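In the order they appear, the protein sequences are chains X and R.
For the first sequence, numbering that gives the first Met the number 0 assigns the number 0 to the initial residue and increments by one for each residue that follows.
For the second sequence, numbering that gives the first Met the number 0 assigns the number 0 to the initial residue and increments by one for each residue that follows.
By construction, these hints were calculated from the structure, which means they are not laboratory data.
Where hints are given, some of them may not hold.
To be verified - Stretch by stretch, here's where chain X covers chain R in the computed footprint (C-beta under 8 angstroms, at least three residues): (1) 26-35; (2) 93-99; (3) 157-166; (4) 209-219; (5) 223-229.
Said to hold, decoys possible - In silico lysine to aspartate or glutamate, EDC-like type, Cα no more than 16 angstroms apart, as pairs: (6) R:228 with X:59; (7) R:71 with X:59; (8) R:71 with X:50; (9) R:228 with X:17; (10) R:226 with X:57; (11) R:228 with X:55; (12) R:226 with X:17; (13) R:71 with X:57.
This structure is a prediction, so every number in the text was calculated from the model and none was measured.
Glycine residues also receive a C-beta, built at the ideal position from the N, C-alpha and C atoms.
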Amino acid sequence: MVALMDSLKYALQDSPAETTGYMVAGYLVIFGLMAIYLLSLYIRQRNLRQEAALYENDLENNKAIDPEVSRQS
Amino acid sequence: MEKKPRLLTILDVVSVVILGLATLMVFFYAPMEAVMGNVQRVFYFHVAAGWVGMLSFMTAAVAGIVYLRTAKRSWDIIGVSSVEIGMVFALINVITGSIWARPIWNTWWTWDPRLTTATIMLLIYAAYLMLRAGIDDPNRRARFGAVYAIIGFVSVPLTFFSARLFRTIHPIVIGTNQPGSAGAFDMTPLMLQTFLFSLLAFTVIFIDLLWHRIRMGQLADTVEQLKMKASGG
Chain X
0 MVALMDSLKY ALQDSPAETT GYMVAGYLVI FGLMAIYLLS LYIRQRNLRQ
50 EAALYENDLE NNKAIDPEVS RQS
Chain R
0 MEKKPRLLTI LDVVSVVILG LATLMVFFYA PMEAVMGNVQ RVFYFHVAAG
50 WVGMLSFMTA AVAGIVYLRT AKRSWDIIGV SSVEIGMVFA LINVITGSIW
100 ARPIWNTWWT WDPRLTTATI MLLIYAAYLM LRAGIDDPNR RARFGAVYAI
150 IGFVSVPLTF FSARLFRTIH PIVIGTNQPG SAGAFDMTPL MLQTFLFSLL
200 AFTVIFIDLL WHRIRMGQLA DTVEQLKMKA SGG
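The whole structure should be built from the sequences, with the hints applied where relevant.
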């Protein structure tokens with residue numbers, strides 16, 4: 000019965016349904032979520048690089064101050 | 000951190016170009032569906048995102064198996080990277096499906112078997128990321144992640160086949176639609192080409208993102224080692 004009603008509805012419909020707004024919303028979600036993930040990757044990577052540089056600096060400074068550390072590493 | 004490989008830069012460019020081309024095909028190459036109108040265009044990236052989600056979870060399960068056999072840290076990084084990317088794409092898949100459903104099914108959401116299993120799959124992998132974050136010991140975390148990814152993968156084929164095994168209104172692309180399915184349509188050759196190209200585009204993007212995310216995981220490991228050295232550990 001439902002299938003029959005659907006067929007009737009489609010047969011009576013002379014032009015496609017106006018659903019452009021939903022399409023736009025769909026693609027905003029797709030590109031929006033992708034952009035957010037890319038941004039999160041970029042920020043996390045940048046923070047890790049900064050952190051690595053900080054620790055490397057610390058280790059260099061320790062080597063300069065304490066020759067024992069330098070010998071150990 | 001190692002210098003960015005040239006191949007990765009090329010892959011970045013290819014990903015952007017292929018995504019641009021797929022988008023152009025969706026909007027200007029594929030014809031408008033006669034009944035649903037423009038919202039049907041969501042289908043191309045909706046299915047492609049679902050495919051990448053499942054591919055990611057499968058990659059995580061394979062990485063889990065290899066990790067349990069070899070205990071190599073790199074496989075754990077591949078596993079967690081895959082799950083993270085899979086979550087993004089599975090979420091895109093579920094949200095776009097809901098947007099498509101509103102004008103076609105006249106509801107944003109219904110507890111149909113396909114929608115229910117997809118939600119369970121998403122929650123299983125969200126829990127994977129949350130539970131992992133709660134384990135401090137790297138070896139325990141990796142072992143837990145590996146076992147969880149293997150067991151959690153059961154939800155993937157269950158989601159894929161749910162629309163074929165159970166009574167559902169969700170249309171399917173490969174195979175015969177159930178009598179009660181709503182929103183099914185016959186693909187014209189141009190639609191099929193757009194669909195296949197979208198699948199290819201999203202697969203390339205997945206490989207590119209996975210590579211970036213793995214490099215980030217390796218960098219996090221380096222930072223952890225430097226931290227231990229700096230604190231005298």
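Hint check:
no.: 1; hint: 26-35; in the structure: holds (count 5)
no.: 2; hint: 93-99; in the structure: holds (count 4)
no.: 3; hint: 157-166; in the structure: violated (count 0)
no.: 4; hint: 209-219; in the structure: holds (count 6)
no.: 5; hint: 223-229; in the structure: holds (count 4)
no.: 6; hint: R:228 with X:59; in the structure: holds (11 angstroms)
no.: 7; hint: R:71 with X:59; in the structure: violated (30 angstroms)
no.: 8; hint: R:71 with X:50; in the structure: violated (25 angstroms)
no.: 9; hint: R:228 with X:17; in the structure: violated (63 angstroms)
no.: 10; hint: R:226 with X:57; in the structure: holds (10 angstroms)
no.: 11; hint: R:228 with X:55; in the structure: holds (10 angstroms)
no.: 12; hint: R:226 with X:17; in the structure: violated (58 angstroms)
no.: 13; hint: R:71 with X:57; in the structure: violated (29 angstroms)
Consistency note: the structure conflicts with the earlier hints numbered 3, 7, 8, 9, 12, 13.
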